[in-house]
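Engineer: Keeping the supplied structure of chain A fixed, place chain B upon it in accordance with the hints.
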Amino acid sequence: MRGHAAAHPGAHLRDPIDVEQVLASRPIASPLKLLDCSPISDGAAAFVVSRTAISDRCIAITGWGEAHTHQHLSCAPDDVALGARHSAKLAFGRAQRNAGDVGYLGIYDSFTATLALLLEAVGFAAPGRAGCDAADGRFSRDGRFPLNLHGGLLSYGHCGVAGGMALAAEAVAQLRGEAGQRQVQSPGVAFVHTDGGVLSAHVSLILEAAR
Amino acid sequence: VTSSMMDDVPWVILEQCAECGRNAALPRGFCAVCGSPKVISHAVRGRCTIWSITHLHCSPKGDAHAPPHIIALARLDSGIAMMVRVPSGLAIGDQINIERTGLLTAPRFIGPHPLV
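Residue numbers (our numbering), protein chains in the order written: chain A, 1 to 211; chain B, 1 to 116.
Okay, chain B solo, but in the shape it has when bound:
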């Protein structure tokens, strides 16, 4: 976490390979591309584009939310995709902001881009 992260723009924590530089959203403790065990936590801007979206009309047992659950695959500018719950009214191609504060934290929808 750097001082530049104290501004209002959301950030997403990723795992980055210290050798080849590749980012990954799912923490593995090693680089899935080059195999290096040297990975570090890394923050990128949370702006992304909706690549796919679905309305789920079934809920897992015990889920506190009533359906539909609107789930998007949102792709960061770096190309890394993350799965995130979003509100209604969004479509493929829309730009949104997401935030993830740690490698094991679920990404959170912040708002459409630019922030309004």
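One chain only, chain A, in its complex shape:
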């Protein structure tokens, strides 16, 4: 995420970091270190949503899904990201799309662990493989599933609900072809997912250039 943030002029944290620096940062809640956690940021985001397209820059919400499995962590299911499976399935079903159709990802990365759980729950990485896949470039701008190219919550910044909205704002910029040096070639279909609470309340969106 830090490498992606370097290409966004509005990102909160843009200085490059490497794995050794993350591991050497101070412990917060084991096994997470400071650099596994998103910062507390200032920021805002807004969307104009209309029933019909009002310009040729409009992006269609072709699928959406929501799920709520618990509030307090002690009531979480064994599969703690189960809500993401449910909401993503609803969204893909409504859009008549599947994970293989997706060319851009905006996924909630409040902590590195959250991102790994969500990528694996929705099916963009095999169970236990999200970290290895990231290291192999699967989620880079030129990888199979370009992810959070604005830097995500971890580096673009976490300003509460607007931090999650920034995931969608970048997806819209990518689908419009307006992401400048961060632009992915022909993303086609974007999948956006955020959660609230402690992996409690989930929402998924499928966004596409008007079809």
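Computed footprint of chain B on chain A; a stretch qualifies when at least three of its residues, placed anywhere within it, have a C-beta under 8 Å from a C-beta of chain B: (1) 17-29; (2) 66-77.
Label pairs and their in silico Cβ distance ranges: (3) B:Arg-85 <-> A:Arg-26: 17 to 25 Å; (4) B:His-57 <-> A:Leu-73: 13 to 21 Å; (5) A:Ala-162 <-> B:Arg-28: 28 to 36 Å; (6) A:Ile-17 <-> B:Ala-66: 23 to 31 Å; (7) A:Ala-210 <-> B:Ser-78: 49 to 57 Å; (8) A:Arg-129 <-> B:Ala-66: 33 to 41 Å; (9) B:Ala-66 <-> A:Gly-131: 30 to 38 Å; (10) A:Ser-55 <-> B:Glu-19: 50 to 58 Å; (11) A:Gly-188 <-> B:Trp-51: 39 to 47 Å.
Below, simulated SDA-like cross-link-like pairs (lysine to any residue); rule was C-alpha separation at most 20 Å, straight line: (12) B:Lys-61 <-> A:Pro-27; (13) B:Lys-61 <-> A:Ile-28; (14) A:Lys-33 <-> B:Ser-59.
Hints in this document: simulated from the structure, not taken from any laboratory.
Keep in mind that this is a model prediction, so the values were computed, not measured.
We put the CB at the ideal spot given by N, CA and C, even for glycine.
Structural biologist: Relative to the frame of chain A, chain B by itself:
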């Protein structure tokens, strides 16, 4: 509270649905599964298994304890999970005993299982 609760084994008070029998650790005044408003306080044995554990290195403002705070999610034999402060040296899968004397009381670590 029954006479059997006077022995040395710790007990945990839960909220139980009088209709479907489901237990809940967080008191709601109704059953979160079947929706019944008929719930009663119910005691179960406090033996549980550590399902997840973390060392917190930050403290909330005003917290009297110095970090790290070791917090576990401990799962009772019935499957109900409760969050409890535990001492160092424990790991996922360890069996411990906890006690909770009322629905609004925080669970308390008693010791590893069996009691030593």
